[in-house]
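Kindly generate the complete structure, drawing on both the sequences and the hints.
So the protein lines, in turn, are chains A and B.
End of the first sequence sits at 192 in the numbering used here; the numbers just go up one at a time, nothing left out.
End of the second sequence sits at 384 in the numbering used here; the numbers just go up one at a time, nothing left out.
Watch out, some of these pointers could steer you wrong.
[Claimed, not checked] Result set (DSBU-like, lysine-lysine): computed pairs, CA atoms no more than 30 Å apart in a straight line: (1) A:Lys97 with A:Lys82; (2) B:Lys323 with A:Lys82; (3) B:Lys299 with A:Lys136; (4) B:Lys289 with B:Lys328; (5) B:Lys323 with B:Lys289; (6) A:Lys131 with B:Lys274; (7) B:Lys299 with A:Lys82; (8) A:Lys131 with A:Lys97; (9) A:Lys136 with A:Lys97; (10) B:Lys274 with B:Lys289; (11) A:Lys82 with B:Lys328.
[To be verified] Across the chosen pairs, the derived CB separations fall in these ranges: (12) B:Arg262 with A:Ala189: 20 to 30 Å; (13) A:Arg70 with B:Ser295: 38 to 48 Å; (14) B:Val333 with A:Ser186: 28 to 38 Å; (15) A:Asp145 with B:Pro324: 32 to 42 Å.
[Unchecked claim] Footprint (simulated), chain A over chain B, 3 or more residues, beta carbon under 8 Å: (16) 210-224; (17) 270-283.
Simulated from the structure, these hints should not be mistaken for lab results.
All residues carry an ideal CB built from backbone N, CA and C; glycine is no exception.
There are 2 protein chains.
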Amino acid sequence: MPLASWRSPLARALHRNRALVYARYLQLATVRADQRPANRTIVFRGFLDDSNQLQFVTDARNAKADQIDRCPWGEACWYFPKTREQFRLSGALCLVKADHTDSALQKARQALWQSLSDTARTQFAWAYPGKPQMNKDGFNVSTPDATTPLPHFCLLLLDPQEVDHLELRGDPQNRWLHQHDGSSWSVQAINP
Amino acid sequence: MPLASWRSPLARALHRNRALVYARYLQLATVRADQRPANRTIVFRGFLDDSNQLQFVTDARNAKADQIDRCPWGEACWYFPKTREQFRLSGALCLVKADHTDSALQKARQALWQSLSDTARTQFAWAYPGKPQMNKDGFNVSTPDATTPLPHFCLLLLDPQEVDHLELRGDPQNRWLHQHDGSSWSVQAINP
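Dropping the structure here:
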């Protein structure tokens, strides 16, 4: 698959902000069952193979897994502090759980699990996220096996269909809208 | 109005991250007319008087103004890089436009306009945001009057009803859920 038109500016932003570990953090908005928005910080884990799909990890016990089941669409907002630019990536979300039938995606899920640190993997063995905390017992857990993902470990994919790129530097600011028409990407300058 | 239970940890985060100008940037999620989420970076402009409502500025010509008219609810996600903590603030949104009838809110809108820099005020005189950019003529504008807000300048208020505070530091991480029951705030520790 050819690289989308927004891949090159995004790669440049990642490179220029690489000194900041949190330049790989972005905010993902989804919609709750009550039609209200939800929003949280997630960590970018690279692209799926040679696709334009962004990879993240999540726990099937989290509220966002249910939200994605109901409304498989999200908008990620990614702000790069050093270069002062923002990417808004709107697209379809795909949650690859333990029972997902696509073998290539299961392989990607497993590879992502293996690429995590022990610390990151251990968090998937913690007590049920978001539930009232009775004590700290549910966090005194052994490190999970590095080869086989825990059952509630999910690969989350965002397949952008529209990307709004704003550069705050410049007078005036620069802004581009990248749009996918089903087969190819187009880009146009829009007013900031 | 008494300070909400989340005001003290938020004030502490703002203080400890004050060296980073972008620690005052957060991401606001809303819902579009098509029921899909939208998400963008906005700048925190302090609290409204002695309330627990967060102030922002926006342009009535932006897509989010329409979204808020349809669904006046948002979730702000605020990540503080230095202290590695996140606040998710979910609550009602109120857009104070030029024709808003509440005189106290109009006064707050005017005060916020006056507090902006000339550069920030000038952006409200720019060409229609989000429209295709024909040329740069619409940005070669004179600095607006500092006392009277331009008609499409809006004060945006977020009145949180639930605040999810996560501290990534600590082993395990710490997480608290602050909830408003209509008259007062309660807080409980929840699993990270």
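Structure-based check of all given hints:
{"no.": "1", "hint": "A:Lys97 with A:Lys82", "in the structure": "35 Å, violated"}
{"no.": "2", "hint": "B:Lys323 with A:Lys82", "in the structure": "27 Å, holds"}
{"no.": "3", "hint": "B:Lys299 with A:Lys136", "in the structure": "49 Å, violated"}
{"no.": "4", "hint": "B:Lys289 with B:Lys328", "in the structure": "27 Å, holds"}
{"no.": "5", "hint": "B:Lys323 with B:Lys289", "in the structure": "21 Å, holds"}
{"no.": "6", "hint": "A:Lys131 with B:Lys274", "in the structure": "27 Å, holds"}
{"no.": "7", "hint": "B:Lys299 with A:Lys82", "in the structure": "35 Å, violated"}
{"no.": "8", "hint": "A:Lys131 with A:Lys97", "in the structure": "21 Å, holds"}
{"no.": "9", "hint": "A:Lys136 with A:Lys97", "in the structure": "27 Å, holds"}
{"no.": "10", "hint": "B:Lys274 with B:Lys289", "in the structure": "35 Å, violated"}
{"no.": "11", "hint": "A:Lys82 with B:Lys328", "in the structure": "25 Å, holds"}
{"no.": "12", "hint": "B:Arg262 with A:Ala189: 20 to 30 Å", "in the structure": "28 Å, holds"}
{"no.": "13", "hint": "A:Arg70 with B:Ser295: 38 to 48 Å", "in the structure": "42 Å, holds"}
{"no.": "14", "hint": "B:Val333 with A:Ser186: 28 to 38 Å", "in the structure": "29 Å, holds"}
{"no.": "15", "hint": "A:Asp145 with B:Pro324: 32 to 42 Å", "in the structure": "53 Å, violated"}
{"no.": "16", "hint": "210-224", "in the structure": "holds (count 8)"}
{"no.": "17", "hint": "270-283", "in the structure": "holds (count 5)"}
Going down the numbered hints, you'll see the structure goes against 1, 3, 7, 10, 15, while the others check out.
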